[in-house]
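Chemist: This is what each chain is made of:
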Amino acid sequence: MSSRESVSAKIFRYDPATENSPRYETFEIPFEKEMRVLDVLDYAAENCGVGVGYRWFCGVKRCGMCGVTVNGKPVLACWEKATPSMVIEPLPNMPVIRDLVVDRSAFERSTLDMEPCLERRKPYETFPEPLTHTDFEDAFKLMNCIECYVCTGACPVFADADHRQFAGPASLVQLAKVALHPKDEGDRVALALKGDIYACVSCYQCSNVCPVGIDVLEDAIEKLKRRCAAHAAASPEARHARIFSDLVRQFGRIHPPTLMRRTRGLLASMRKTLLALTMVRRGKAQIVPGSASGMDEIRKLFDVVEKNK
Amino acid sequence: MKFAYYPGCSAKSTCPELDISMKAVARKLGLELTELEVAACTGARQLRDSNEALFLTLNARTLALAEKMERNVVTVCATCLLNLVEVNDRLRRDAELRTKINKNLSEIGLQYRGECEVTHILWVLLRDIGAEALAKRIVRPLHGLRVAPFYGCHILRPKDVLGFDDPDSPTSLDTLIRLLGAEPVAYDGKKRCCGFHVLMEKEGVALKLSGRRLLEAQEAKADCLVTTCPLCHTSLDPYQSAAARTSGAKADLPIIHLPQLLGLGLGLDPTELRLDGHVVPMAPVLEKIALSA
Numbered sequence: 001m002s003s004r005e006s007v008s009a010k011i012f013r014y015d016p017a018t019e020n021s022p023r024y025e026t027f028e029i030p031f032e033k034e035m036r037v038l039d040v041l042d043y044a045a046e047n048c049g050v051g052v053g054y055r056w057f058c059g060v061k062r063c064g065m066c067g068v069t070v071n072g073k074p075v076l077a078c079w080e081k082a083t084p085s086m087v088i089e090p091l092p093n094m095p096v097i098r099d100l101v102v103d104r105s106a107f108e109r110s111t112l113d114m115e116p117c118l119e120r121r122k123p124y125e126t127f128p129e130p131l132t133h134t135d136f137e138d139a140f141k142l143m144n145c146i147e148c149y150v151c152t153g154a155c156p157v158f159a160d161a162d163h164r165q166f167a168g169p170a171s172l173v174q175l176a177k178v179a180l181h182p183k184d185e186g187d188r189v190a191l192a193l194k195g196d197i198y199a200c201v202s203c204y205q206c207s208n209v210c211p212v213g214i215d216v217l218e219d220a221i222e223k224l225k226r227r228c229a230a231h232a233a234a235s236p237e238a239r240h241a242r243i244f245s246d247l248v249r250q251f252g253r254i255h256p257p258t259l260m261r262r263t264r265g266l267l268a269s270m271r272k273t274l275l276a277l278t279m280v281r282r283g284k285a286q287i288v289p290g291s292a293s294g295m296d297e298i299r300k301l302f303d304v305v306e307k308n309k
Numbered sequence: 310m311k312f313a314y315y316p317g318c319s320a321k322s323t324c325p326e327l328d329i330s331m332k333a334v335a336r337k338l339g340l341e342l343t344e345l346e347v348a349a350c351t352g353a354r355q356l357r358d359s360n361e362a363l364f365l366t367l368n369a370r371t372l373a374l375a376e377k378m379e380r381n382v383v384t385v386c387a388t389c390l391l392n393l394v395e396v397n398d399r400l401r402r403d404a405e406l407r408t409k410i411n412k413n414l415s416e417i418g419l420q421y422r423g424e425c426e427v428t429h430i431l432w433v434l435l436r437d438i439g440a441e442a443l444a445k446r447i448v449r450p451l452h453g454l455r456v457a458p459f460y461g462c463h464i465l466r467p468k469d470v471l472g473f474d475d476p477d478s479p480t481s482l483d484t485l486i487r488l489l490g491a492e493p494v495a496y497d498g499k500k501r502c503c504g505f506h507v508l509m510e511k512e513g514v515a516l517k518l519s520g521r522r523l524l525e526a527q528e529a530k531a532d533c534l535v536t537t538c539p540l541c542h543t544s545l546d547p548y549q550s551a552a553a554r555t556s557g558a559k560a561d562l563p564i565i566h567l568p569q570l571l572g573l574g575l576g577l578d579p580t581e582l583r584l585d586g587h588v589v590p591m592a593p594v595l596e597k598i599a600l601s602a
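Quick note, the sequences are listed as chains A and B, same order. This note's numbering applies: residue 1 is where the first sequence begins, and numbers increase by one. This note's numbering applies: residue 310 is where the second sequence begins, and numbers increase by one.
Everything labelled a hint here was simulated from the structure, so no lab data went into it. Where is the CB? At the ideal position from N, CA and C, for every residue including glycine. There could be a bad hint or two in this list.
What the hints assert, rightly or not - List time: in silico DSS-like cross-link candidates among lysine-lysine, alpha-carbon distance up to 25 angstroms:
hint	chain 1	residue 1	chain 2	residue 2
1	B	311	B	445
2	B	412	A	300
3	B	468	A	61
4	A	300	B	377
5	B	409	A	307
6	A	223	B	468
7	A	309	B	412
8	B	412	A	307
9	B	468	A	73
10	A	223	B	409
11	B	409	A	309
12	B	468	A	81
13	A	141	B	409
14	B	409	A	300
15	A	223	B	412
16	A	272	B	559
To be verified - Here chain B is said to cover these stretches of chain A; the calculated rule only asks that three of the stretch's residues, wherever they fall, bring their Cβ under 8 angstroms from a Cβ of chain B:
hint	region
17	160-166
18	242-256
Could you build the full structure based on these sequences and the hints that come with them?
Modeler: Here is the structure:
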């Protein structure tokens, strides 16, 4: 241990049972090589005479219990390197039980609502069943998920919009894990829509913070959305994707007023008349759609892709 | 420097001022842009979320067209950037997929080879031209102007395919603002989401996100906010009053495109940059830098 180096940890403290509002306490902690955030919390709890509340179990990125926010980024305390100056706060989007311990139960319920168990209806053809690595590939990537809910903590759909109908990325990973399993026969489209999957804003914050390196957006959420789109009648949002695609086929590019009118219907689009007029005045809306040139090639490719499916 | 220029649908419809100012800035900097006029939409999120083969094929066509011109692609839209970079990356790494997509392209007499790079104008300015060379071109320093950088999700994340900036503490746009003589405003929202991609389907959610971003920048006392993507611009400018209302607040924050801000520093005329093409008027910004429209 170096005698000079230290870590300054500003830790969120709050006991909702006895305190009206959160406060922060700053601790100077001797720095040790390879120190993790969890070590800093351990040191503060053991040596600073304060009972900082935090949760952990395994200490090796398996149990998923030690999610916290460090300098604004949701991370696992056991895996994140300690830096000289840290603000340590609870995971966002979840009620605080005490200090850094949050109540994940609402999101755990969302996971259960996604019914993440393999559903088999037909009898097994043989035993053992033939299954290749390639069959399994998509589902396999998601089996690394440790259910730490760090991705859900990073999601702006809760943080900014407080849109609680959304199941959140962690629960959608659990859904995708079974939906992408080659032997699953459950109605996963219905569940994805129940989890309001189209509230996802495609910002990649979930992929960015995942401690086990799952590309949550592309390998789980987007693959579920593709399945929803294949059943276009299933929801207005899946229909919207179809309308978008038809517009590209028609004009090569998107004409926003037409996209809105076809997606929302003429009547609902009329509510945007004032905005539309302002935009026309500023040259920001064209009444007649313009086309890309090269439309023959673009349309041909639509047909070719459909044919070679 | 020569590029195949991909403006994207938005710069050709909702944000024509972006396309116009980009071309004006390119002329000033001696960047030769040849527009990919026959290219299709990159598919935003909707096409990639619904028809993967079509998403790959249409973007492979755009890349193949640029290859034929022997040029790298430059775009002014973060979402187009990510789509093109990602398709390029996947087709380069996966020979089987490349063969499949090339089979589609062969029907229109094109082949994708993986020979061109895809870049964003922000990257060109800082990586290809370079901060030092660019600084020499600034004839009208924007002293005293407080600019909120707004990066946009798809120029930062996913980091492994984009790789230019750090998604957790990005600096490139801040650097550019400083280089222009203006002051980058520090605020939490700069790397967060504007909500655009659900604006059509879930307007309530989208507007709450853009509303939060506007108020964060406004609380940090920004004179204006600069975007690298016309989609962010759309949720922050035309939808500004509706977005602020979701937080029961008012906003009056001019939203400027990156080429427009740069153009001011390069000494271009506000009308050449189409600074009158926004819903929230740019006049306060021009007053601050002692220019009138």
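Chemist: Each hint: holds or not?
Modeler: Comparing the hints with the structure gives:
Taken as a hint, the residue 311 of chain B and residue 445 of chain B pair is honoured in the structure, with Cα atoms around 21 angstroms apart against an allowance of 25 angstroms. Distance restraint check for residue 412 of chain B and residue 300 of chain A: the Cα-Cα separation of roughly 13 angstroms lies within the 25 angstroms cut-off, and the hinted pair is therefore satisfied. For the hint pairing residue 468 of chain B with residue 61 of chain A, the CA-to-CA distance comes to about 22 angstroms; that is within 25 angstroms, so the pair holds. The suggested pairing of residue 300 of chain A with residue 377 of chain B holds, with an alpha-carbon distance near 20 angstroms, which does not exceed 25 angstroms.
Straight-line distance between C-alpha atoms of residue 409 of chain B and residue 307 of chain A comes to about 13 angstroms, which keeps the hinted pair within the 25 angstroms bound. Distance hint between residue 223 of chain A and residue 468 of chain B is fulfilled; the C-alpha atoms sit about 20 angstroms from each other, no more than 25 angstroms. For the suggested pair residue 309 of chain A and residue 412 of chain B, the alpha carbons sit about 12 angstroms apart, so the restraint of at most 25 angstroms is met. With a C-alpha separation of about 12 angstroms, the suggested pair residue 412 of chain B and residue 307 of chain A falls inside the 25 angstroms cut-off, and the hint holds.
With a C-alpha separation of about 15 angstroms, the suggested pairing of residue 468 of chain B with residue 73 of chain A holds against the 25 angstroms cut-off. Straight-line distance between C-alpha atoms of residue 223 of chain A and residue 409 of chain B comes to about 20 angstroms, which keeps the hinted pair within the 25 angstroms bound. Proposed proximity of residue 409 of chain B and residue 309 of chain A is supported: the alpha carbons are some 10 angstroms apart, at most 25 angstroms. Between residue 468 of chain B and residue 81 of chain A, the direct Cα distance comes to roughly 19 angstroms. Compliance with the 25 angstroms bound is thereby established for this hinted pair.
Between residue 141 of chain A and residue 409 of chain B, the direct Cα distance comes to roughly 23 angstroms. Compliance with the 25 angstroms bound is thereby established for this hinted pair. For the proposed pair residue 409 of chain B and residue 300 of chain A, the alpha carbon gap of about 16 angstroms is at most 25 angstroms, so the pair holds. A distance of roughly 24 angstroms separates the Cα atoms of residue 223 of chain A and residue 412 of chain B; the hinted pair therefore holds under the 25 angstroms criterion. A distance of roughly 19 angstroms separates the Cα atoms of residue 272 of chain A and residue 559 of chain B; the hinted pair therefore holds under the 25 angstroms criterion.
Only residues whose C-beta sits within less than 8 angstroms of a C-beta in chain B count toward coverage, and the region 160-166 of chain A has 4 of them, enough to reach three; the restraint holds. Evaluation of the coverage hint for the region 242-256 of chain A: fulfilled, as 9 residues show C-beta separations to chain B shorter than 8 angstroms, against a requirement of three.
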